[in-house]
Structure formats: C-alpha cells, structure tokens
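The listed protein sequences derive, respectively, from chains W and E.
Residue 274 in full-length UniProt numbering sits at position 274 of the first sequence; the count goes up by one each step and never skips.
Residue 164 in full-length UniProt numbering sits at position 164 of the second sequence; the count goes up by one each step and never skips.
Check the hints yourself; a few may be wrong.
With a straight-line cut-off of 30 Å between C-alpha atoms, the simulated DSSO-like cross-links for lysine-lysine are [to be verified]:
| hint | chain 1 | residue 1 | chain 2 | residue 2 |
| --- | --- | --- | --- | --- |
| 1 | E | 168 | W | 140 |
| 2 | E | 140 | W | 168 |
| 3 | E | 355 | E | 168 |
| 4 | E | 355 | E | 140 |
| 5 | W | 355 | W | 140 |
| 6 | W | 168 | W | 355 |
Treat the hints as calculated values from the structure; they're not laboratory data.
Model, not experiment: these values are computed from the prediction.
Protein chains: 2
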Amino acid sequence: MSDTALFGPDNLPYGLFTTPDRPGHRRVGVRFGDDVLDAGAAAAEFGSAHTDLLQQPTLNALMAAGRSTWQDVRAQLRAWLTDDAHRERAARHLHPLSGVTLHLPFDVADYVDFYASEHHATNVGRIFRPDGDALTPNWKHLPIGYHGRAGTVVVSGTPVVRPQGQRKPPGETAPLFGPSRRLDIEAEVGFVVGTPSPHGSRVGLEDFREHVFGVTLLNDWSARDIQAWEYVPLGPFLGKSFATSVSPWITPLDALDAARVAPPPRDVPPLPYLDDTVDGAENWGLDLRLTVRLNGHTISEPPFSAMYWTAAQQLAHMTVNGASLRTGDLFASGTVSGDAPEQRGCLLELTWGGKTPLQLPDGERAFLEDGDEVTLAAWAPGPDGARIGLGEVTGRVHPAV
Amino acid sequence: MSDTALFGPDNLPYGLFTTPDRPGHRRVGVRFGDDVLDAGAAAAEFGSAHTDLLQQPTLNALMAAGRSTWQDVRAQLRAWLTDDAHRERAARHLHPLSGVTLHLPFDVADYVDFYASEHHATNVGRIFRPDGDALTPNWKHLPIGYHGRAGTVVVSGTPVVRPQGQRKPPGETAPLFGPSRRLDIEAEVGFVVGTPSPHGSRVGLEDFREHVFGVTLLNDWSARDIQAWEYVPLGPFLGKSFATSVSPWITPLDALDAARVAPPPRDVPPLPYLDDTVDGAENWGLDLRLTVRLNGHTISEPPFSAMYWTAAQQLAHMTVNGASLRTGDLFASGTVSGDAPEQRGCLLELTWGGKTPLQLPDGERAFLEDGDEVTLAAWAPGPDGARIGLGEVTGRVHPAV
Numbered sequence: 001m002s003d004t005a006l007f008g009p010d011n012l013p014y015g016l017f018t019t020p021d022r023p024g025h026r027r028v029g030v031r032f033g034d035d036v037l038d039a040g041a042a043a044a045e046f047g048s049a050h051t052d053l054l055q056q057p058t059l060n061a062l063m064a065a066g067r068s069t070w071q072d073v074r075a076q077l078r079a080w081l082t083d084d085a086h087r088e089r090a091a092r093h094l095h096p097l098s099g100v101t102l103h104l105p106f107d108v109a110d111y112v113d114f115y116a117s118e119h120h121a122t123n124v125g126r127i128f129r130p131d132g133d134a135l136t137p138n139w140k141h142l143p144i145g146y147h148g149r150a151g152t153v154v155v156s157g158t159p160v161v162r163p164q165g166q167r168k169p170p171g172e173t174a175p176l177f178g179p180s181r182r183l184d185i186e187a188e189v190g191f192v193v194g195t196p197s198p199h200g201s202r203v204g205l206e207d208f209r210e211h212v213f214g215v216t217l218l219n220d221w222s223a224r225d226i227q228a229w230e231y232v233p234l235g236p237f238l239g240k241s242f243a244t245s246v247s248p249w250i251t252p253l254d255a256l257d258a259a260r261v262a263p264p265p266r267d268v269p270p271l272p273y274l275d276d277t278v279d280g281a282e283n284w285g286l287d288l289r290l291t292v293r294l295n296g297h298t299i300s301e302p303p304f305s306a307m308y309w310t311a312a313q314q315l316a317h318m319t320v321n322g323a324s325l326r327t328g329d330l331f332a333s334g335t336v337s338g339d340a341p342e343q344r345g346c347l348l349e350l351t352w353g354g355k356t357p358l359q360l361p362d363g364e365r366a367f368l369e370d371g372d373e374v375t376l377a378a379w380a381p382g383p384d385g386a387r388i389g390l391g392e393v394t395g396r397v398h399p400a401v
Numbered sequence: 001m002s003d004t005a006l007f008g009p010d011n012l013p014y015g016l017f018t019t020p021d022r023p024g025h026r027r028v029g030v031r032f033g034d035d036v037l038d039a040g041a042a043a044a045e046f047g048s049a050h051t052d053l054l055q056q057p058t059l060n061a062l063m064a065a066g067r068s069t070w071q072d073v074r075a076q077l078r079a080w081l082t083d084d085a086h087r088e089r090a091a092r093h094l095h096p097l098s099g100v101t102l103h104l105p106f107d108v109a110d111y112v113d114f115y116a117s118e119h120h121a122t123n124v125g126r127i128f129r130p131d132g133d134a135l136t137p138n139w140k141h142l143p144i145g146y147h148g149r150a151g152t153v154v155v156s157g158t159p160v161v162r163p164q165g166q167r168k169p170p171g172e173t174a175p176l177f178g179p180s181r182r183l184d185i186e187a188e189v190g191f192v193v194g195t196p197s198p199h200g201s202r203v204g205l206e207d208f209r210e211h212v213f214g215v216t217l218l219n220d221w222s223a224r225d226i227q228a229w230e231y232v233p234l235g236p237f238l239g240k241s242f243a244t245s246v247s248p249w250i251t252p253l254d255a256l257d258a259a260r261v262a263p264p265p266r267d268v269p270p271l272p273y274l275d276d277t278v279d280g281a282e283n284w285g286l287d288l289r290l291t292v293r294l295n296g297h298t299i300s301e302p303p304f305s306a307m308y309w310t311a312a313q314q315l316a317h318m319t320v321n322g323a324s325l326r327t328g329d330l331f332a333s334g335t336v337s338g339d340a341p342e343q344r345g346c347l348l349e350l351t352w353g354g355k356t357p358l359q360l361p362d363g364e365r366a367f368l369e370d371g372d373e374v375t376l377a378a379w380a381p382g383p384d385g386a387r388i389g390l391g392e393v394t395g396r397v398h399p400a401v
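Please model the complete structure; the sequences and the hints are all you need to start from.
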C-alpha cells in the first residue's frame with residue numbers, strides 16, 4: 001500500500017518539521033500523502049481562529065487546547081486539503097516530505113511505560129523467573145507500569161548508542177562493566193496526553209477521549225543484561241533510560257475510531273475503576289497492526305488488539321491515586337506481543353532469551369549488533385476500507401563510546 | 001538556634017516568591033535571615049551582568065548558566081548583603097519572609113529517587129521480604145534508583161491528599177480498593193541539576209560540582225499498602241506518584257563545603273566509575289542533620305552522613321549508560337536512616353511495619369492519619385562554626401476524595 005493511501009484525509013497526523021532554508025524554524029506540520037502541510041501558514045492563509053496554536057515550535061499548545069479545539073482544527077485541515085474551493089490555496093503550503101526534517105513533535109512531560117500484553121508478560125516471566133509463576137499475582141488486577149526517563153525520548157532516526165553498564169553473567173561472583181551484550185527493542189504504542197488534569201483528581205475510563213490527543217509508535221530500547229541485574233527491587237532504570245524512540249507523527253485519536261475493538265476477555269473481573277465492560281463503556285481495544293523490521297527484514301507482526309489492558313484503563317489507573325496529568329505526558333503500552341511466536345514484540349521473546357537466534361539473510365541475531373537498524377511501522381483500519389498509517393519509528397545502533 | 005543564624009551570609013539559598021500586591025509575579029528570592037532578597041531587583045539596582053538570569057519566574061535560567069556563573073552571582077549577592085558600601089541599597093529589596101508566598105522554585109525535568117541508606121534498605125528488606133536476604137545482591141554494587149513522577153513534585157505547604165488505590169491485605173484473595181491505610185513519609189535530600197549533559201555522554205564523579213546546582217529537602221510520601229501490592233516486578237508507581245514535597249529553598253552546593261565528609265567505608269569495592277576512594281577524589285558524604293517532626297513532635301533525627309552511596313556516585317551511575325541530564329533534573333537520596341532506631345527516616349521503619357506504633361502526646365501512630373502534619377528540617381555545619389539551614393518541607397494530610 002502506498003504512503004499516499006496510508007496518509008489520506010482520514011488520517012492527518014501532526015508533526016514538527018523544518019525546511020533546509022530555515023533549519024532553526026520548527027513548524028507544525030500535517031502529513032498528507034507524501035507531503036507535509038505547513039499548518040500554521042495554511043491557518044493564516046485561511047484566517048483560522050486557531051492560527052496561534054498552529055504557529056508554534058511544538059505541538060504542546062495545540063495539545064493543551066482540548067478536544068473541541070482538536071476537532072475543530074481537524075475539520076478545518078480536512079476542508080483545506082480536500083474541498084475544491086480550498087485545495088489550490090492549501091497546496092501553496094505543502095512541502096514534499098522528502099525535503100523536510102522531522103523533529104520530536106512535543107515536549108515530553110512525564111513518561112510512563114506499562115506492561116499490558118499478557119503474552120509478553122508471560123514470556124518474560126518465564127525467561128527471567130523460570131522458577132516462579134510467569135505472571136505476578138497483581139498482573140490481572142492492575143495495569144503494571146513504571147515511570148521512565150522523559151529526557152531521553154528521541155525522535156525516529158536518532159542514533160542509539162549502545163549503553164554501558166553493569167551486568168552479572170551467570171557464574172560470575174561480581175558484576176562486570178562494559179557495553180551491553182543483550183541490546184533489545186520493544187515494539188510499543190505510545191499515547192500522548194493533551195488536556196491536563198488537576199492534582200488530587202481522577203480521570204475515569206469515560207474521560208479518555210478528553211485527555212488523550214493522539215498516538216505514536218514507540219521503541220523502548222532495552223539493555224536486558226543491565227536490566228536483569230538492576231531491576232530488583234525498584235524496577236528498570238539504566239537498562240531503559242538511555243533512549244526511547246518515537247515516531248515523528250502523532251495520529252489523532254479521532255482518526256482511529258474505525259480501529260476500536262473490544263479488548264480480549266479478562267479472566268479476572270477488574271475493580272470498578274478499571275471495568276470497561278459496564279453498559280455504555282467505550283471499547284478502547286485498538287486494531288493496530290504492527291510490523292518490526294530488522295535491517296529491512298520483517299521479524300515480527302504484533303497485533304495491538306491482543307493487549308490485555310487498554311490505554312483507557314492505563315490512564316484511569318495512572319490517575320486513581322490523584323496524580324495530575326500534564327500536557328505532554330506520554331504513556332506507552334508496553335511491548336506488544338501476540339499469541340503466536342511470530343507476533344512477539346522484542347528479541348528477548350523472539351529468541352527466547354537469546355537461546356534460539358533469528359536466522360536472517362545477513363546472519364544470525366540473538367540481540368542487536370552495532371550497525372543494526374530497527375524499524376517499527378503500523379497501520380489501522382480507517383473508514384470505508386481506508387487505512388490509517390501510523391508512520392514509522394526507526395533507529396540504528398551505534399557502538400558504545 | 002534562630003533562623004537568622006541558619007540563613008546567614010554563608011548560606012544564601014535560592015527560592016521563588018510572590019508578594020501580596022503582585023500575586024502573579026514570581027520572582028527569584030534569596031533568603032537572608034528572616035528576609036527574602038528580591039534578587040532580580042537587587043541585580044538591576046547594582047547593574048549586575050546577571051540581571052536577566054535573576055529576573056525570571058523560575059530558577060531554571062540561573063541553574064542552566066553553569067558553575068562559574070553560580071559562583072559569580074553568589075559572590076555578588078554576598079557583597080550586596082554584607083558590604084557596608086552596598087547594604088543600604090540592598091535593603092530596599094528585602095521583604096520580610098512572613099509577608100511573602102513561596103513557590104516551587106524550579107521546573108522539574110526528570111525526577112529520580114535512589115535507595116542509598118544501607119540502614120533503610122536493610123530494614124525495609126526485613127519488613128517487606130522477611131523470608132529473603134535483607135539486601136538484594138546488587139545493592140552494594142550500584143546505587144539502586146528508579147524514575148518517579150516529576151509532575152507531582154510540589155512545594156512545601158501543599159496539602160497531601162490521601163491516595164486511593166489497590167491494596168491486598170494478608171488473607172484476602174483479591175485486592176481491595178480504597179484510601180491508603182498505610183500512608184508514610186520518607187525523609188530525603190534532593191539534588192538539583194543545573195548544567196545539562198549531552199545525550200550519549202557520561203558525567204564522572206569528578207564532574208559532580210559542575211552539574212549540581214544545589215540541595216533541597218524532600219518528603220517522598222509513600223502509600224505502603226499500595227506500594228507493596230504493585231511494586232513487583234517493575235517497581236513503585238502509584239504508591240509514590242501522588243505527591244513528593246520539596247523545601248522552597250535550594251541551598252547552593254558551595255554553601256555545603258564545610259559539611260563534606262568521607263562516606264562510610266564500603267565493604268564491597270565499587271567498580272571504577274563509582275570508586276570515590278582513588279587519589280584526588282572528592283568526598284561527597286555530607287554531614288546534614290535532619291529532623292522529622294510529626295504534629296510538632298520530633299520523631300526522628302536521621303544523619304545524612306551515614307548514607308552508603310553519595311550523590312556524586314548517584315549522578316555518575318545515572319549517566320553511565322549515556323542518559324543525558326537536563327536543567328531541572330531532580331534526584332533524591334532515598335530515605336535517610338541512621339543505625340539507631342531513633343534515626344530512622346520513615347514510619348515503616350520507626351514502627352516496624354506498623355507493629356510498634358509511636359507513642360505521641362496526642363496519641364498513637366502506626367501510619368499517618370488525616371490532619372497529621374509532617375515537617376522535615378535540616379542544617380549542616382558551615383564555615384567557622386556557623387550553621388547552614390536547609391529550611392523545612394512540610395505537608396498536612398487531607399482526607400481522600
């Protein structure tokens with residue numbers, strides 16, 4: 001399927017771009033086919049009331065404006081790009097995608113990473129804790145999550161330097177120091193908060209749409225050897241904090257309406273604040289089809305629809321203790337893994353802890369080698385058989401320094 | 001000891017304040033005795049080259065300016081406040097502390113919480129994991145830490161609403177939902193990063209002074225029942241993220257020179273990047289004397305000098321994987337607990353998991369009750385027998401909503 005079809009008038013994702021003639025001038029862009037619309041310039045052209053929000057060096061102002069503004073802006077963009085009366089004037093503000101540079105589209109406030117795939121959590125539990133139960137006793141009662149490092153969230157294309165750190169191989173009596181030998185990816189979907197919430201209040205399941213601006217693809221790079229040694233008892237830290245890559249396009253939540261599906265049945269009834277099976281509750285399972293490519297070869301196709309916990313449940317959980325939301329908060333799903341082996345979203349699972357390396361045309365891979373390039377891509381069903389592209393997030397591994 | 005003596009010319013901590021006549025106008029303030037100097041106004045008065053940095057609604061610009069600027073500004077402030085030639089003009093810009101409102105002094109970037117007291121970690125290990133070793137095998141090899149929620153860092157005086165969440169009391173087969181019944185404090189010291197570091201580089205032990213702007217007191221409010229149920233395997237999340245309180249004054253690192261002491265001997269030799277025993281290495285143990293008061297009664301006096309890992313080691317560890325630093329990064333020591341029972345920095349330890357409640361004049365306390373007020377205070381030795389006050393961080397518990 002061509003990019004033109006993946007980025008049609010039902011998608012219209014937001015990003016930030018610069019052109020070579022003005023490299024310091026970051027502008028809000030909207031992807032349309034193989035072009036990028038300079039949204040601020042178009043808004044000025046058409047005299048939009050939202051021109052100020054779109055003439056910013058980050059998406060945060062638009063994100064903070066709230067859902068009715070998001071809907072209004074989206075309707076205007078669609079009209080400018082598709083109505084016969086407007087198209088010609090809008091076209092003056094289109095730039096070929098191939099000629100622009102894309103940037104991290106928003107200022108990240110807090111970053112939270114969840115652990116919401118039952119298949120992933122079960123596999124990791126079996127690999128990391130072979131003598132215990134695969135799932136911890138809390139897993140089906142709450143969406144487990146932890147805070148990650150917001151300052152090292154980077155845009156697609158940013159090189160990923162192999163981290164150094166402590167690891168303790170089996171049989172060693174003390175940890176060794178050096179470059180990670182078990183560098184991995186995690187294929188995830190990130191949710192970007194627009195509308196903030198006050199400290200001391202909760203965001204219920206029913207308010208998900210009011211707060212979440214859009215969706216990004218996310219690669220939660222992970223150094224498994226560093227992580228395995230450090231993570232008991234307070235969780236992952238340096239094994240994750242060296243880099244988290246996101247796609248340059250934020251797909252508006254409204255563009256994913258046709259992709260909403262019922263989440264898988266839960267065998268443990270959720271507590272009321274997490275119960276999305278009550279009458280009138282919206283389904284926030286999402287039929288996003290992910291692809292993981294390593295040096296151009298597809299190594300996995302994780303289905304997001306298989307996630308046990310939805311993003312709406314994650315948001316409700318994250319705020320049930322009164323924690324506030326800020327514009328720019330980013331929360332990620334955790335590794336997306338399906339039931340089948342070829343649907344697993346990280347090398348740890350795909351190679352079962354490195355024991356069964358992948359056989360690729362250019363060699364065997366247990367974990368990532370220097371020079372390897374990983375790309376995550378995804379699409380979702382749109383209206384009337386259209387497809388909504390979520391773009392790509394890519395990164396190449398550079399040697400440790 | 002009077003506040004005047006704790007905030008003399010060797011201290012000069014920074015904060016942000018407003019006056020009742022201009023409640024929206026946040027200004028950089030410097031505490032001097034029982035007054036606050038309007039630093040931006042004084043800088044303009046004296047024609048300082050740093051006036052712009054001091055006429056800001058946050059400390060971040062000054063923090064980002066780097067150590068030589070910090071030293072320069074500090075020397076100017078001291079001269080304005082103490083030289084006979086300047087004092088009178090400076091006095092025009094002093095406001096009585098009792099008449100101003102203090103605000104969160106800086107924009108928090110990432111927040112990291114460590115776990116650096118051997119006494120605390122040993123006690124918690126015994127209480128939470130009575131059947132295992134008190135310290136995990138990694139504890140003496142690396143300063144264990146995790147990312148917390150930056151968006152819920154609040155200034156002293158902000159009410160702390162009792163969080164709701166899931167807890168699973170012994171004997172229950174499923175978790176219950178409701179207000180935390182084991183609300184606790186953690187007496188900590190926070191370190192505030194000024195100078196950023198590039199992504200992909202490390203900050204060595206020897207560069208600590210170049211990056212850390214100053215020190216704050218920090219109360220890492222903790223809901224022990226929520227934490228105990230959620231924290232395996234990815235660490236604390238909602239049990240901590242509802243509120244973290246910091247003192248309104250950031251004491252410059254240079255004000256603590258006389259408080260630097262050798263850290264306790266380590267029984268496991270640290271890896272080279274953490275080894276502060278080599279020739280020429282600076283001691284970054286700090287002789288800070290903390291006091292914890294509950295409803296006005298002193299319940300503990302934790303000695304910061306007993307911390308196993310120093311802040312310099314924490315900073316070196318946090319960046320050894322190439323993670324960047326941003327201006328406004330905040331990292332906290334973890335609960336400060338000494339060897340003696342009356343030096344323990346949280347109720348979990350002081351009451352041994354609630355089994356031996358504190359006997360206070362106004363009743364028994366295992367964990368915090370609604371209406372309780374907790375205050376942390378601290379001082380450090382200064383030059384020539386002076387004392388450097390670190391101010392106070394206080395918070396009152398409000399009922400769950």
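Worksheet entry | Hint check against the structure, violated hint numbers in rising order | The structure conflicts with no hint, since it agrees with every one listed earlier.
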